[in-house]
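Student: One-letter residues, chain by chain:
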Amino acid sequence: MSQPENMRSDDQMGAASSAFVHAEDIRVEFPGSNAPAVDGITMSVGQGEVVAIIGPSGSGKSTFLRCLNHLQPPTSGVVSIDGVSIVDRPGQHPKASELALLRRKVGMVFQNFNLFPHLSALQNITLAQVHALGVDKKMANDRAAELLATVGLADRANHRPAQCSGGQQQRIAIARALALDPKVVLFDEPTSALDPELGAEVLSVMRNLATSGMTMIVVTHEMRFAEQVADRVVFMDKGAIVEQGAPAEVLRAAQHERTQKFLSAVMDR
Amino acid sequence: MNVFQYWPVLAEGLKYTLAVTLVAFVIATVLAVPVTGLRVSRVRVLRFAGTSFVEVLRGVPPLTWLFLAYFGLPAAGWSIEPLTAGILVLGVVYSSYLVEVYRAGLRAVPDGQREAAHSLGLGRRVTYVRVIAPQALRTILPPAVAYLIALLKDSALVSTIGVLDVTAQALSIGQSSPNSLAVFVSAALLYLAFSVPIGALARQLDVRLRHGQKAWA
Chain A
1 MSQPENMRSD DQMGAASSAF VHAEDIRVEF PGSNAPAVDG ITMSVGQGEV VAIIGPSGSG
61 KSTFLRCLNH LQPPTSGVVS IDGVSIVDRP GQHPKASELA LLRRKVGMVF QNFNLFPHLS
121 ALQNITLAQV HALGVDKKMA NDRAAELLAT VGLADRANHR PAQCSGGQQQ RIAIARALAL
181 DPKVVLFDEP TSALDPELGA EVLSVMRNLA TSGMTMIVVT HEMRFAEQVA DRVVFMDKGA
241 IVEQGAPAEV LRAAQHERTQ KFLSAVMDR
Chain B
1 MNVFQYWPVL AEGLKYTLAV TLVAFVIATV LAVPVTGLRV SRVRVLRFAG TSFVEVLRGV
61 PPLTWLFLAY FGLPAAGWSI EPLTAGILVL GVVYSSYLVE VYRAGLRAVP DGQREAAHSL
121 GLGRRVTYVR VIAPQALRTI LPPAVAYLIA LLKDSALVST IGVLDVTAQA LSIGQSSPNS
181 LAVFVSAALL YLAFSVPIGA LARQLDVRLR HGQKAWA
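Line by line, the protein sequences are chains A and B.
For the first sequence, the working numbering puts the final residue at 269, and the numbers step up evenly by one.
For the second sequence, the working numbering puts the final residue at 217, and the numbers step up evenly by one.
Worth flagging that the hints you see were computed from the coordinates, not collected in a lab.
Remember, predicted model here, so these are calculated numbers, not experimental data.
Treat the hints with caution; some may be incorrect.
[Unchecked claim] The calculated SDA-like cross-link candidates involving lysine to any residue, where the alpha carbons are at most 20 Å apart (straight line), are:
hint, chain 1, residue 1, chain 2, residue 2
1, A, K95, B, S41
2, A, K183, A, G83
3, B, K153, B, L63
4, B, K153, B, F194
5, A, K95, B, Y128
6, A, K95, B, T127
Please put together the full structure from these sequences, using the hints given.
Tutor: Rendered as C-alpha cells:
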C-alpha cells in the first residue's frame, strides 16, 4: 500500500540536487499526549527546491517545520542543513552554540509575523545583522533598505509595524528573515492571518523568492500557490507523511484516500 | 489657623522623606532585576530562592522589618544608622513587590517575540535587552509608578526609628502645639503635593500604554 509514495519520493530526490536539508526520523512527543505530534518523519530537500507541506490542522506540519530550526526541540531525530547537523535524543539536547550555527542558516517567517513592535521596519531588519552577525550599522542599514525595496516597501522603512497593513508586516518579516542570508527559509502558514488580497502581496513576494533560487519549505493552506510555485507537495496527517510528489500528482491525482478527502474539502474553495 | 507657618520645619523633614523615598525606590528597582531573574529561572533551586525572597518579604509588615533591622541587627553586633536602616529596609521590601510587577511584564510579551529573536540567531542577552525588556517596560511602568507613591507614604514609617522626616517633624511640633490639627494638615498637604502629581502621571502612562498595539505607532 505504501508503494506509490515511496516511488514518488525517490523520483523526487533524484530530481533535486544533493540533500541540502535533511531531517532524519524526527519525533516530537508532548507530555500528557498519547500520540506523538510528529511521528518519525524523514525528509530531504534539495538546494533551490520549494516544498509545500499541506494537511489538516493538528497534523503536525507546523511542529515539524519548527523542528528544522529547533524552535521546537524534537524528542529525537537529526536535522542537517548545509553541513550543520543537530542531533536530539531523549533527554539529550544540543547546546545553544550549536543551535546558533543551525539558526544562522535558516530564516523563518511566522503566521503572526512576530515583528518587533517597538522597532521600525528598518530596525527590525538590522537588529540581527548587528547583534547576531556583527555587521556594522551602516552596512546593516544599507542591506535593510535594499531588502525593503525588494519586497516593495522602500517607503515604509521608518514606520512601526503597527502603522503597516498585515500584508506589509509579513513582507517586512520576510525581509527580516532574508537579512541574515539564510540558506533556507521556513514559512509557517505565512498568509493564514491575512485576508486574501493582502495574502496575495505576500505570495507574490514568495514567488519572486522561489524564482531567485531560494530553498523554501512552506506550510500552507494556499493550494494554488502550492500547485504553481512548489516543486514538491507533501501531505501530512497524524504526524506522518502520507503522500508526496510533484504538485500536479499530489493535488490532482492523489493516491491515498486521506489525501483525496482533504483535497476535496479544500480545492473547491 | 495658619497652615503655612509650620512649613519651614516640615520642609526640613521633607529632605529626609524624599531621600528615603527616592533612594529606596532606586534600590528596589535595581534589586528586583536579578531577583526576577531567579523568580523566572528554569532552574528549580534558583526559582525557589526567588519565590522565597518575595514571599518572605511580602509576608511581614514593613514596620516589623524596620524594627527587626534597626533594633535586631545591633543586638546581633551590627550597628546601623536610622536613615540607612530605613532606606535599606524599604528598598528591599519594595523590591519584592516590584519582582511581581516585572514578572507580569515579562509574561505579557508574547512567546512569538522570543521565537522570532531565536529564529534570527539572537543570543539570550540580546533578546532580553533589545526585544523583551523594551516591550515589558510598557506593562511595568504604570504599576511601578503606583508603587513609588506607596513608597512615599510608607516612608513615614522611618519616623518610628528616629529619622526626622515630615511625619517625625510634624509629630514633634504637633504634639505640644495648640494647633496640632494645622500641623498635621500641613504634613498631609506636603505628601499630597507629591503623590497627586505622580498619580496623575501614572494614570496618563496607563491610558497611553493600555492602547496596546496602537501605543507602538
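Student: So, for every hint listed, does it hold in this structure?
Tutor: Verification of the supplied hints:
no. : hint            : result
1   : K95/A - S41/B   : holds, 18 Å
2   : K183/A - G83/A  : holds, 11 Å
3   : K153/B - L63/B  : holds, 12 Å
4   : K153/B - F194/B : holds, 10 Å
5   : K95/A - Y128/B  : holds, 19 Å
6   : K95/A - T127/B  : holds, 17 Å
Consistency note: the structure conflicts with none of the earlier hints.
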